[in-house]
Each structure stands twice: as structure tokens, then as C-alpha cells.
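Trainee: Dock chain E against the given chain F, drawing on the hints supplied.
First to last, the protein sequences are chains F and E. Using the numbering used here, you'd call the opening residue of the first sequence number 1 and step up by one each time. Using the numbering used here, you'd call the opening residue of the second sequence number 1 and step up by one each time.
Do not take every clue at face value.
[Claimed, not checked] Among chain F residues calculated to face chain E with C-beta under 7 Å, some are:
(1) F8
(2) I14
(3) L23
(4) A24
(5) L25
(6) A29
(7) G32
(8) N37
Please keep in mind that the hints were generated in silico from the structure rather than gathered at the bench. The structure displayed is predicted, hence computed values, not measured ones. Where is the CB? At the ideal position from N, CA and C, for every residue including glycine.
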Amino acid sequence: MTAWLMSFGHWGFIVPSYAIFLLALAWDAGRGWTARNAIEQQIRAHQARKREVE
Amino acid sequence: MGFWTWLNRQGSPPRFFDWTKHWVRWCWYLFFPTLLFGLYLALLVSPADYLQGESARIMHVHVPSAWMSLTVYFIMAVQAVGVLIWRLKVCEALMLAAAPTGAMFTAVTLLTGMLWGRPTWGTYWVWDARLTSELVLFFMYLGIVALAQAYSDRRAGARAAAVLCLVGVVQLPIIRYSVEWWNTLHQGSTIRLLGESSIHASMLWPLLVLTLATKLYFLAVWLSRARWLIVHSERQSAWVLQRLGLAP
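Only chain F is shown next, with the shape it has when bound in the complex (with noise of 0.2 Å):
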């Protein structure tokens, strides 16, 4: 792993750097986002299925 990253010299260091940056930034900002779904998702169900037994 590391002799195949060294066969770019430098920037094959570089470049999985800025993509374990950029990728852990839009992981972070795509679990919130799937929380915040469910979390409104199951408030809507809870509501529907309390006015079906009203």
C-alpha cells in the first residue's frame, strides 16, 4: 500500500488526504441530514396514526 502510494510521489499522499477531508466532511453532513429525516418521518407517522385512532 504504502510502495503504491510513494510511486506518486508526494501528491500520493496528498490527494487521499483532501479526499478522507472532503468525504468525512460530507459523511458527517449526510448523518445529520438522514437523522433530521427520521426524526420528522416518525413524528408525521406518530401524528397520522394518533388521527386514525381519533
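Mentor: Frame of chain F, contents of chain E only:
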């Protein structure tokens, strides 16, 4: 109206939900151009270092992430005080919402540091004070998240996590001064708020722009996550149903 009264009002869950909506939106609007401009400066404009060569560019993502790993923890500790003393729901949400992003920035710091270490030091990892204390910080973040989720009572979990968070504050000066207190392979500080920095402006600017980008990102994700944690904890309240258009 006094400052504390004003602050107390802004901290009420419905008010917090409303005013942060605009903050989240504007932080996202500002984040994307700042990030793109920072990447442009870091990858295309900033020169290679005379000693480290091109790999010095890794610093432009490593250092802002490292600063964020400490900043986020400090913010969580401030919220933890609010959780334990005033038992504010907003503080609970803000503390818990910050933890995953803080853990993410700490992981990025460790990984990008390893990728910088290999071409520069000849090794991915050494157990020196700076690297080890940053790794401990990562475990602290994971511990706080795990502890908060271990309780069936969400509020009790937040209080336990707040105690752990405050205990872990001791870690911050250790990380900050580790390169001065111990003889480490990790280099000392090159940027100083007080005193002269030993970094050239051509390398400082990409760092500062990407630092601003990480702060905007954190604000957007943090406030957004906190808003919905509050909605979840207040899901039976009339104001939540009203905001979601579900009020009878």
C-alpha cells in the same frame, strides 16, 4: 431587558428552533464558496515547502481539522456546564449534537497526520505526546457519544455525558502544550495568536480560509443537528406540531 433575560429567551426550544433556521442556511451558503476558495489556494496557489516539498499541502486540511477537534470539545464543555447547572434542554442538544462532528474532525486530524508523517518522518505513527493525546481525545468523543446513548432516559444520558465531557477538559491543555512540555517528534506551533508566526503568508492564507470553512461547516451541521434533537425531545409539544404543519 438584561443580557441574561435575553439569553434565556433565545435558549427556549421554540425560539432556538426558529432563529437557528436562518443561521444554518447562511452557514451553508457561505461554506461552499469558502471551501472551494480554500482548496484552490491550498492546492494551486500555495507554494511547496522548501524542506517538506509538496506534502506540506496536507497541513492545510490537517491543521484546521486539529483546531476544530479542540474547539468543538471546548464548546461541548461550555454546554456541559449549562447541562449540569441549569439543566437546559438546548444545552443538552448542543452538547450532544457537537460530539459526532468533533469525533469526525479528530479522526481526520489523525488520518491526515499519518499521511503527512509517512513522507516526512518516514513513519505513519509514533507514540509521542501530541499524537497520543489527540488519540485519547478521539476516544473521549466516542465515550461521550456512547455514554449518552447508553441511557434509556435521554436527559440522564446527557447529564452523564456532560460529567465525562468536563472530566475530559483536562485533555485540552495537554494536547495544546504537549509539544512544549515533552520532547516530541511533532513540530511545535508555527502560528501564534500572541507573538510572531513562523509561517509565510502564502501558506498562512490557505490555512486561514480552510479554517473559516471548517468553522462554517461546523456551525451549519451543529445547529442543524441540535435543532432536530430538540424537536425529537419535544415531539409531543404544540410548538413542534405547529412548526411541522401538523397542528390540529
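Trainee: Now tell me, hint by hint, if it's right for this structure.
Mentor: Going through the hints against the structure:
Nearest Cβ of chain E to the Cβ of F:F8: about 11 Å, over the 7 Å cut. The hint is violated. Because the smallest distance between the Cβ of F:I14 and any Cβ of chain E comes to about 5 Å, under 7 Å, the interface hint for this residue holds. At a threshold of 7 Å, the smallest CB-CB gap from F:L23 to chain E is about 9 Å, leaving the interface hint violated. Satisfaction of the interface hint for F:A24 is found here, the shortest Cβ-Cβ separation to chain E being roughly 5 Å, below the 7 Å cut-off.
A cut of 7 Å between beta carbons decides the hint on F:L25: the least distance to chain E is about 6 Å, and the hint holds. Hint status for F:A29: holds, given a least beta-carbon distance of 5 Å to chain E, under 7 Å. Residue-level restraint check for F:G32 holds (minimum Cβ-Cβ distance to chain E is 5 Å; threshold 7 Å). Interface restraint check: F:N37 against chain E, minimum CB-CB distance 9 Å, threshold 7 Å, status violated.
Hints 1, 3 and 8 from the earlier list are contradicted by this structure; the remaining hints agree with it.
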